[in-house]
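Enquirer: Model the full structure from these sequences, guided by the hints.
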Amino acid sequence: MSIRLTAEQESIASAPVTEKIYLSGMAGTGKTTTGVRRLRRLIESGVPAHSIMVLVPQKRLALPYATEIRNPRRKAGAEVTIATLGSLSHNLVGLFWPLIVRDLSRENPYRRLTFLSLEMVQYLMFKLLEPVIERNDYFNSVNINRARLFSQIADNLNKSAIVGFPHTDISARLKSALPGSQESLHIFDDAQACANIFRDYCVDNNLLDFSLQLEIFRKLWAHGVPRAYLSSRYKHLIADNLEEDTPNTHMLIGDLLSSAESALLISDEEAGYRRFLGADETSAAALEKLCDRSCRLIETRVMSRSVQAFLAELQETMTGSENIGNARQTGRARRAIELTAGPKSRFHTQMLDWVAETVESLINEKGAKQGSIVILAPLLHDSLRFSLVTRLEQKKIATYTLRPSRPLHAEPATRALVTIAKLAHPQWKIGARRQINSFDIVQMLTCAIAEMDLARATLLADVLFRKSELHPFNTITNAEMRARISEVFGERYGRIFEWIEKYKSSPAETIDVFLSRLFGEVLSQSGFGFHRDYDAARIVSNLIDSSRTFRQAASQIGDEIDIGNEYVRMVDAGILADQYEPRQWRKRPDAVLIAPAYTFLLSNQAVDYQFWLNIDSPAWSRRLYQPLTQPYVLSRQWVDGDIWSDEHERQTSREVLYRVVTGLVKRCRKKIHIGYSRFDERGNERAGDLRTMFDYLLRSLPPTTEGEEVEAADE
Amino acid sequence: MSSIHFTPRPSQAEILKFTGGKMGVSAVPGSGKTWTLSYLAANLVRETPLEMDQQILVVTLVNAARGKFEQQVRDFLGEDSLGTLYRVRTLHGLANDIVSERPGLVGLADDFQIVDDFEASDIIKEALAAWFTMHKDFGIEEYLAPDHQNNDKSRFQWRNEATSIAADFIKRAKDYRRRPEDLRAVMAGFGQSLPLAEMCVHIYEAYERGLRYRGGVDFQDLIRLALDALEADPDFLARLRRRWPFILEDEAQDSSKLQEEILRMLVGEKGNWVRVGDPNQAIYETFTTASPQFLRNFLKEPGVVSRELPVSGRSAPAIISLANRLIDWSLRHPNEEIRSRTPLAYPHIEPADDNPPDGPANVQLHVDMKMSAEEERIFVAQSLKQWLTQNADKTVAVLLPTNPTGAEMSKVLAKFQIPYIEVLKTTTSTRQVAGSLYRVAGFLANPVDSQALSDAFVVWMRKNRDEPETREIAALLKRAGRVEQFTAPRESDWLVDNVSRNDFTERYDTLSRFRTLIRRWQDATQLPIDQMLLTISGDIFHEAVDIATAYSIAVHMRGMFDINPEHRLKDCVAELKEIALNRRKVTGLSDEDEQFDPSRYKGQVVVMTLHRAKGLEWDRVHLMSTNNYDFPSADPFDRFIGEKYFARNELNLSAEALAQLRALTDGTDYREGIATQDARLEYAAERLRLLYVGFTRAKRELVVTWNTGKMGKLIPAKPLPYLNSFQKG
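Just so you know, the sequences run in chain order P and B.
Heads up: the first sequence runs through residues 1 to 715, numbered per the numbering used here.
Heads up: the second sequence runs through residues 1 to 729, numbered per the numbering used here.
Please keep in mind that the hints were generated in silico from the structure rather than gathered at the bench.
Among the hints, a few may not be true.
What the hints assert, rightly or not - Pair by pair, the computed Cβ-Cβ distance ranges are: (1) 265(B) <-> 396(P): 33 to 41 Å; (2) 512(B) <-> 3(P): 47 to 55 Å; (3) 493(B) <-> 396(P): 53 to 61 Å; (4) 257(B) <-> 433(P): 38 to 46 Å; (5) 293(B) <-> 435(P): 53 to 61 Å; (6) 494(P) <-> 492(B): 33 to 41 Å; (7) 462(P) <-> 501(B): 54 to 62 Å; (8) 494(P) <-> 710(B): 40 to 48 Å; (9) 493(B) <-> 477(P): 21 to 29 Å; (10) 234(B) <-> 396(P): 34 to 42 Å; (11) 438(P) <-> 235(B): 34 to 42 Å.
All of these numbers come straight from a predicted model, not from anything done at the bench.
For each residue, glycine too, the CB sits at the ideal point set by N, CA and C.
Expert: So, in structure tokens, the structure goes:
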């Protein structure tokens with residue numbers, strides 16, 4: 001179904017193909033809809049699709065454009081390019097790197113480039129830096145786990161590349177801006193030393209993490225050839241969510257604009273949710289003057305009148321500005337929100353019950369569509385998601401989640417494969433902590449053998465798993481035991497056992513081939529756990545991909561390690577196969593969405609009903625705190641010589657909260673349900689800024705009158 | 001509108017006139033200090049023009065008091081709001097708030113973990129194991145008595161004891177704000193050999209590495225880091241000062257030096273601070289830097305308005321009189337060194353005009369009854385059994401010096417079929433939730449065990465656990481040899497074979513439903529541990545508090561599994577067992593945890609430690625184990641908990657280790673034995689205060705008994721004969 005555009009939107013979508021337009025407006029005013037329609041009009045007007053590039057900060061934000069491109073009514077032909085800075089730089093570096101070989105490995109400059117995934121960066125850091133940290137007693141005043149520590153070092157490198165300062169200046173920048181004693185600031189020197197070691201190693205071995213990829217890209221860009229290549233290829237540019245992109249992207253857009261025939265640059269007001277990742281609204285806004293004209297959409301296409309009134313109240317409370325709509329006197333704003341009922345607000349779990357009951361009533365009594373409801377929390381932990389999903393499932397309400405999927409290493413299918421891999425490779429010297437135990441075998445058997453139950457798997461493991469290895473089923477001489485296990489399961493167990501034994505007697509395969517064979521030859525066959533189990537197949541496929549990438553990168557490093565063993569060790573440690581992005585972030589109209597608030601904000605959609613959970617959580621208003629990095633100090637807008645003060649901190653908190661809550665309200669059509677409980681999930685009483693703000697607001701809002709209830713029904 | 005009525009006494013009304021500045025209040029037990037302070041907090045909330053980010057801050061010592069306080073302020077305000085105009089925190093909670101607000105200031109990420117005492121102890125044990133591998137005979141010659149040096153049991157005990165020595169040392173070093181590397185540097189140039197300090201500094205280093213690796217901090221760190229954060233950024237401090245224009249502090253006598261410093265910084269020169277406490281009830285001094293002297297000093301500071309709450313309407317006059325006699329006796333304590341420490345001081349408690357009436361049963365001091373520990377328990381149980389028959393509408397508590405003795409007493413009460421509620425490390429309901437999860441998870445870890453199957457069934461049916469049908473089914477399941485034929489039948493189905501669907505339709509249906517659940521739980525073993533526990537708890541718990549507690553346990557378990565990726569189901573079962581057996585503390589959510597109200601347990605016996613009983617009151621109180629071991633007077637024949645049987649010269653090794661630490665931090669000489677003697681005196685003084693706390697919990701009846709201990713040699717606590725003669729006289 002096609003949305004009818006306003007005259008203003010239409011004038012932008014149908015603007016001449018020679019015009020460059022800068023479009024701004026708050027969320028919900030139809031900017032992306034206009035952008036998508038512009039894309040359609042460009043193609044309809046005969047612009048070759050291959051000359052159009054849609055640039056977004058992250059792939060998820062391109063979904064409306066991708067849907068338009070896949071539109072079956074569209075004629076077949078060349079494709080529009082949808083790109084992010086990451087994909088663009090990856091492609092260009094891959095194409096043009098020989099132009100700048102002098103900046104790469106001195107010893108072997110023409111050695112193939114290897115692009116490192118995030119998990120490979122973690123692995124490499126773990127391998128390279130762990131001994132250095134131990135030896136030098138680095139970070140002895142910082143209490144964070146290793147995974148977080150390495151991700152901050154990587155983050156600092158990325159920031160230097162995104163903002164464009166030498167990576168060797170990270171420590172100096174942080175130290176000059178952050179208050180603290182010399183003693184406490186030495187951690188930045190430690191972080192700098194680690195970053196330097198990592199960068200040198202990458203350069204020496206032609207390994208590109210995101211930061212090095214960007215640096216090389218920038219150098220290539222300066223070289224001119226790649227720029228000319230892009231300029232000649234893409235004549236029409238649509239860039240959406242500019243405010244969420246980095247200065248590098250803005251620089252690239254700026255350069256492309258000069259040779260482009262048309263452009264539509266779209267920016268959201270009061271957003272900037274990716275600042276901690278280097279997003280820069282100021283450099284985005286600077287692009288406005290390079291365009292032929294600017295437009296601003298003002299009218300919301302989403303919020304009802306009561307939600308608009310509530311937004312005005314919120315803005316007044318949070319900024320001290322005048323209430324433009326004067327909604328207070330009418331009590332309309334109060335109608336846009338509903339708070340957890342008193343008796344349901346003691347425990348966290350009661351609040352979850354309230355959510356499920358309210359969702360049910362919205363669907364069954366008010367006729368709300370499942371896809372028009374979203375449940376949001378500042379942080380969506382597994383336990384919270386699971387508890388919500390099970391409560392809603394019991395009420396026969398489907399849900400889906402927008403967030404990185406469960407780590408591969410937590411999936412039963414992965415654990416079963418890892419257990420078999422360990423059994424099949426006795427030559428791996430596995431430490432005591434990671435050795436297979438009886439319960440691993442039980443879990444592997446219940447997962448790998450179809451219909452296997454926990455009791456019989458336990459009997460099998462009790463009898464046939466000894467001295468870290470499996471034994472054949474026919475060694476069970478006790479007839480009763482054989483009967484208890486059953487011959488059917490005995491036979492299936494035997495096939496796994498024999499496959500392992502056969503594998504052990506032949507030369508070892510690479511880990512990805514091993515996993516592929518195990519899946520293909522045994523586990524996907526009839527009688528085994530993954531037979532026609534497409535979820536498991538997807539997980540195994542991801543695992544095989546991950547292991548292959550690891551093998552390729554690890555062999556590039558050329559260490560004397562058993563790559564398979566190393567891979568399994570890293571999976572066990574939760575370093576590899578940790579975060580897996582789902583292949584597609586697809587909206588589902590038939591299910592309630594459960595998502596972290598930020599993810600929802602960056603998912604380009606509005607809904608009728610929102611639930612905000614845990615309003616007492618400080619995470620609603622808190623920037624990410626990491627002791628080794630500081631996104632604001634490392635941003636392009638930071639002025640040299642300034643000191644990061646508590647006032648900055650306070651201002652940032654206010655701004656974070658303001659942007660998140662107003663951003664959410666702007667994406668809500670009818671009502672916001674506020675979830676509150678005195679005790680959080682761990683039994684603590686928190687007092688976050690959002691709860692304080694609501695407390696203050698509720699005390700000042702007049703209640704809704706009967707007449708207004710009737711009016712509400714009309715909205 | 002306030003939902004409760006409070007008419008202040010004149011001395012209370014004086015305090016309620018407070019509008020600003022600094023005030024110190026010395027209160028006696030039962031003087032209504034919590035009521036007064038919460039009323040004052042409510043008044044300040046109403047009368048102070050607070051901005052959106054401002055709050056009245058109330059600080060308490062322990063969580064149980066916090067919940068009670070919070071409720072009272074809420075009741076006094078009588079508003080149906082989100083309650084953000086006031087904040088009631090324990091000192092640790094406050095420190096956590098401060099650190100969490102600016103974790104980067106003190107080298108933490110925003111998701112830092114708080115490592116609890118149990119895990120902290122594990123890290124220390126691991127480090128000590130490594131230490132003793134390298135130094136096999138460490139400390140044997142230096143610290144074990146000659147006849148214990150070759151005794152394997154004593155050597156083993158010494159290594160065990162080293163854990164608590166190191167834990168105390170680390171806690172104290174953190175209280176002094178000394179890092180291990182500082183101590184290491186001082187020790188290198190220190191002229192004397194300090195073996196205990198050497199071991200402890202080494203363990204401290206390893207411990208800190210362990211915390212760093214986990215991205216965690218311990219409870220002690222929270223206080224230290226909060227102070228660091230306040231010192232690191234004056235703007236941050238100024239912001240917090242603005243946020244909390246009034247700070248009200250309860251139980252101020254138990255604040256440690258660092259805790260007092262945090263509050264002092266938050267208040268600042270011109271801030272408003274009301275501190276209420278009773279130096280006679282300071283019972284957290286041993287092995288901490290807390291001291292009632294801090295409050296006494298505060299009361300004398302220039303600019304501080306000093307007030308008293310000397311009137312108590314709690315106890316019958318005879319009980320008040322007994323408590324006052326104890327003060328008198330302590331002021332004339334036969335041991336001069338204890339006397340000089342003023343364990344208890346004036347003012348005497350003054351009765352109000354509405355105290356419970358005098359009666360013959362007000363004070364029952366069984367000083368002349370010599371009993372073994374078991375005999376004492378039986379005596380008390382019998383006494384309670386009889387008393388409860390006529391006083392089902394009254395409240396009663398059995399107060400003991402330690403958690404293990406409390407657990408022993410509970411067993412005897414159960415044997416006598418006396419209704420009781422145990423509030424020890426964790427509350428009964430938290431433990432029941434953990435116990436239920438333990439049974440089910442235990443079965444999942446051992447799914448071929450019919451006894452475990454039967455136990456899981458009883459958990460599921462626990463509301464009807466005493467029904468004959470439940471027992472019969474449980475017995476039937478226990479006899480099921482091949483569990484898999486019930487849980488996952490293939491060739492034959494145990495249920496069909498053993499329960500006739502026609503004759504026992506209800507039983508068949510019950511078991512059929514149970515089987516469906518078991519399959520669900522078995523499938524859940526493939527899920528992450530928290531989700532498995534949540535699945536089970538969704539099926540077996542129906543009360544909001546149980547579900548919330550189970551959630552809290554599940555989150556706790558997930559945290560444990562995240563830190564220890566090698567953990568499996570059996571580790572979860574072991575942990576649940578620890579919680580269920582009261583060896584492990586988790587945050588509980590039930591009313592007993594959050595705001596224990598004795599009046600909710602009329603006709604039931606509350607079993608509690610004396611420490612936990614502070615702030616509470618019952619119609620009748622049994623004070624047990626009042627012998628010269630639990631309440632010593634530093635007589636030559638007294639034995640002290642801190643002095644281990646295997647230690648040379650009756651040294652208190654923890655106290656000696658702390659003295660060695662003190663030498664390092666102050667640069668003074670260390671002389672062996674002085675700290676042991678000092679610890680005796682300090683402990684004896686504190687235990688007198690504990691006895692005073694015990695006496696003053698009783699409203700109408702106080703029953704005091706003692707026992708002769710394991711070796712049968714203990715005698716009544718020293719003040720008891722005096723009090724007894726006074727009582728008889």
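Enquirer: Flag every earlier hint the structure violates by its number, smallest first.
Expert: 1, 3, 6, 7, 8, 10 and 11
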